[in-house]
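In case you want the letters, here they are:
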Amino acid sequence: MSTNIWVWIAALLSLAIFSYLYKDNPAFRFAEHLFTGLSVGYFIVLYWNNYTLPYIVTPLVNHRWITLIPMALGMMYFFRFIPKLNHLILIPIAISLGFWNGMSIPLTFEADVLKQIQGTMVNTSMLTNIWDPQKGLMVGLLVMVGVISTITYFYFSREHKGPIKVTANVGIWFVMIGFGATFGYTVMARVSLLIARMQFLFTDWIHLIK
Amino acid sequence: MLKFLAKFGKLDRRIVFALLLAAILIPLLFSVKSHFYVDAATRSIYDYVDHIEPNGRPLMISFDYDPQVAAELDPMARAVLRHCFARGVKVVGLSLAPQGDAIGEGIITKVAKEYGKKNGIDYCYFGYRPGMTIIMLQMGVNVKKALPLDYYQTPYDSLPMMHNIHNYDDIALVLSLAGSTYPYSWIIFAGTKFKVKIAAGQTAVMAPDNYPFLQTGQLVGQLGGMKGGAEYEQLIVEAGYYHKSDIASKAMSAIAYSHLLIILLIILGNIGYFISKKIEQKK
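Those sequence lines, one after another, are chains B and Y.
Mapping the first sequence onto my numbering, position 100 (from 1) lands on 255, and the numbers just tick up by one.
Mapping the second sequence onto my numbering, position 227 (from 1) lands on 1500, and the numbers just tick up by one.
Only true hints are included.
DMTMM-like mimics (lysine to aspartate or glutamate), calculated; alpha carbons at most 20 angstroms apart, straight line:
{"id": "1", "chain 1": "Y", "residue 1": "Lys1470", "chain 2": "B", "residue 2": "Asp267"}
{"id": "2", "chain 1": "B", "residue 1": "Lys270", "chain 2": "Y", "residue 2": "Asp1482"}
{"id": "3", "chain 1": "B", "residue 1": "Lys365", "chain 2": "Y", "residue 2": "Asp1519"}
{"id": "4", "chain 1": "Y", "residue 1": "Lys1470", "chain 2": "B", "residue 2": "Glu265"}
{"id": "5", "chain 1": "Y", "residue 1": "Lys1383", "chain 2": "Y", "residue 2": "Asp1339"}
{"id": "6", "chain 1": "B", "residue 1": "Lys178", "chain 2": "Y", "residue 2": "Asp1285"}
{"id": "7", "chain 1": "B", "residue 1": "Lys290", "chain 2": "Y", "residue 2": "Asp1482"}
{"id": "8", "chain 1": "B", "residue 1": "Lys290", "chain 2": "Y", "residue 2": "Asp1320"}
{"id": "9", "chain 1": "Y", "residue 1": "Lys1466", "chain 2": "Y", "residue 2": "Asp1442"}
{"id": "10", "chain 1": "Y", "residue 1": "Lys1383", "chain 2": "B", "residue 2": "Asp359"}
{"id": "11", "chain 1": "Y", "residue 1": "Lys1466", "chain 2": "B", "residue 2": "Asp267"}
{"id": "12", "chain 1": "Y", "residue 1": "Lys1517", "chain 2": "B", "residue 2": "Asp359"}
{"id": "13", "chain 1": "Y", "residue 1": "Lys1550", "chain 2": "Y", "residue 2": "Asp1285"}
One-sided and incomplete, this derived list gives chain B residues near chain Y with beta-carbon spacing under 7 angstroms:
{"id": "14", "residue": "Lys270"}
{"id": "15", "residue": "Gln271"}
{"id": "16", "residue": "Gln289"}
{"id": "17", "residue": "Ser347"}
{"id": "18", "residue": "Leu348"}
{"id": "19", "residue": "Ile350"}
Just so you know, these hints were derived from the structure itself, not from any lab.
Backbone N, C-alpha and C fix where the C-beta goes; we use that ideal spot for every residue, glycine too.
Extracted from the complex, chain B is given alone in its bound form (with noise of 0.2 angstroms):
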């Protein structure tokens, strides 16, 4: 068994969380309550060191009184507690809003949108190797009909008959195959951090695996 004291400390926090399992306790309880005011006071450390002194207390002390414009734009949001001054919230939210807008609008539209227009078109290059499962034919094809059926399934502007209805159906299988990918996915991370607690708890704390 470890002799490290705070191999011990995170066995035991871990053995009392994973109790919940069974059924809620003090145990579990205690636990919880423990991280909840770690995580706290940790964060409070961590912005007052990160934002708070680099960037306030700092270059005040510094005297770059440019700092207070900014610094005054923050203090707003806390008008949202003056009924009668709440409405220049709306001001640090404006610039905060034209900002990010103007920052992200072209960049997420060339990321998002054409690169991925592109990505779903059939070019000759896929015909030098049909079936790569990468950049093949047959994969550009399949992300074709994908895309569009679901698009199509999406498509709500009229009703759903004919073409479009067996088109959405086709969708609704590309839907759901994407689901069930993705829960795979999920059932791996989750199984993953189980494992990775039991590695710990049999090798670190009672080294029963080595």
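Place chain Y on chain B using the hints.
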């Protein structure tokens, strides 16, 4: 028989937990080995890193994750760092997630020690930088402004490795390890705007979201979940960059058996559900 099968539709969740625990512990305790193939998305990151010039442009690793997903992402970080250090590729580390700060430092210093690499010369770690997208954008113009001090409060100019690094043009690849949408932001604000190559190491929950970006080439590659880490571990062991399989590779048999159990329970649960429904209808 039908009554027995119907019971699977209402199986006590604690029995499921116990079975899952057994499916995980037995392969771990008896070191059961399982075969797994290397995904193309993993191999493309490996190939890319394998072609980075030693002592040339560095690889940037962003530890954009919290301890709750470290189980999946730590093995990836270790494997990629071992690959880099074994080949003499320099590494710049940082974190854009608050809790990734100490995680990154722990991993990078431990792996650097394995290969006798020195801070400031072979690698640099800048810790957590607040601002996320602001930092991504700022590094495209001036890395020094975005990362003025390293994790140990050493000024940028005092780090010999960073002397020739001005912006993304001087970075070979950015690898974002994350349990949320950080790689997506890297694609948009660094990849799209500054044309730097981006790769992702994602938790399995997030991995499917990136396939459209892999298909378009906006991502060089992706390590998905613990399997991604195991695949990279296998690749570096096969190439002789590291001498033994690590924690993710050892977990693969437990993953395989637990998945088989879950598939079996899903099938039995559905059979049980339909049978019990029929029995109720007969009544």
